[in-house]
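There are 2 protein chains.
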Amino acid sequence: MVKIYLIMVYDIKEERVNKVLKIARKYLNWIQNSVLEGEISDAGFTKLKMEIKEVINLEEDSVIFYLMRTTRYTSREVIGIEKGGEETII
Amino acid sequence: MVKIYLIMVYDIKEERVNKVLKIARKYLNWIQNSVLEGEISDAGFTKLKMEIKEVINLEEDSVIFYLMRTTRYTSREVIGIEKGGEETII
Numbered sequence: 087m088v089k090i091y092l093i094m095v096y097d098i099k100e101e102r103v104n105k106v107l108k109i110a111r112k113y114l115n116w117i118q119n120s121v122l123e124g125e126i127s128d129a130g131f132t133k134l135k136m137e138i139k140e141v142i143n144l145e146e147d148s149v150i151f152y153l154m155r156t157t158r159y160t161s162r163e164v165i166g167i168e169k170g171g172e173e174t175i176i
Numbered sequence: 087m088v089k090i091y092l093i094m095v096y097d098i099k100e101e102r103v104n105k106v107l108k109i110a111r112k113y114l115n116w117i118q119n120s121v122l123e124g125e126i127s128d129a130g131f132t133k134l135k136m137e138i139k140e141v142i143n144l145e146e147d148s149v150i151f152y153l154m155r156t157t158r159y160t161s162r163e164v165i166g167i168e169k170g171g172e173e174t175i176i
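Just so you know, the sequences run in chain order A and B.
All the letters of the first sequence, read from the start, carry residue numbers 87 to 176 under my numbering.
All the letters of the second sequence, read from the start, carry residue numbers 87 to 176 under my numbering.
In isolation and in its complexed conformation, chain A is listed as follows:
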């Protein structure tokens, strides 16, 4: 099973945002407004995308996934408060 590290950022109309967040939290950790992160399997990622496609409006909403095959070349810096993400791996 291939694991990837995923960053998900979304820009969703108010009326659908809670549905998207609820789905995303099943797979990833909430980091801050509109951002989640976490390790996920290929299969999990496929399911996550399918579930999200069912609730968003493809002509109005936007979800971006950044996939990392390894976190070795990646780091993370925060300015200000750390809102979520106790389990920060990067």
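Hints are supplied without guarantee of correctness; some may be wrong.
Each pair may be met inside one copy or between any two copies, as identical chains are not told apart.
Straight-line C-alpha distance at most 25 Å; calculated SDA-like pairs for lysine to any residue [as the list claims (entries may be wrong)]:
hint, residue 1, residue 2
1, Lys105, Val88
2, Lys169, Leu153
3, Lys99, Glu146
4, Lys108, Lys169
5, Lys135, Ile90
6, Lys99, Arg158
7, Lys105, Ala129
8, Lys169, Thr132
The set of hints was computed from the structure by calculation and includes no laboratory data.
All of these numbers come straight from a predicted model, not from anything done at the bench.
Keeping the supplied structure of chain A fixed, place chain B upon it in accordance with the hints.
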């Protein structure tokens, strides 16, 4: 000069959000609400962080930077509309 690929996501109180966006757009490309991306030098990244620290409230706002030394192990998928980022490199 070392170049990095940067993803910036911010969660900023309404009254300061335009200032932050104005600074960030000098260095990065706007991608969607609260997200910018782009290639930046180490020196540019240092300046970007300094400018942002001057306008945000460190106890209320949050800015996360994901730094990639190479984009070789990283990819990007979008569901829904592509709002910005004509110059997408990843």
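Each hint tested on the structure:
no. : hint            : verdict
1   : Lys105 x Val88  : neither (27 Å within a copy, 41 Å between copies)
2   : Lys169 x Leu153 : both (22 Å within a copy, 19 Å between copies)
3   : Lys99 x Glu146  : both (7 Å within a copy, 24 Å between copies)
4   : Lys108 x Lys169 : both (17 Å within a copy, 23 Å between copies)
5   : Lys135 x Ile90  : within (14 Å within a copy, 28 Å between copies)
6   : Lys99 x Arg158  : neither (34 Å within a copy, 33 Å between copies)
7   : Lys105 x Ala129 : within (21 Å within a copy, 40 Å between copies)
8   : Lys169 x Thr132 : between (27 Å within a copy, 23 Å between copies)
Checked against the numbered hints given earlier, the structure breaks hints 1 and 6 and satisfies all the rest.
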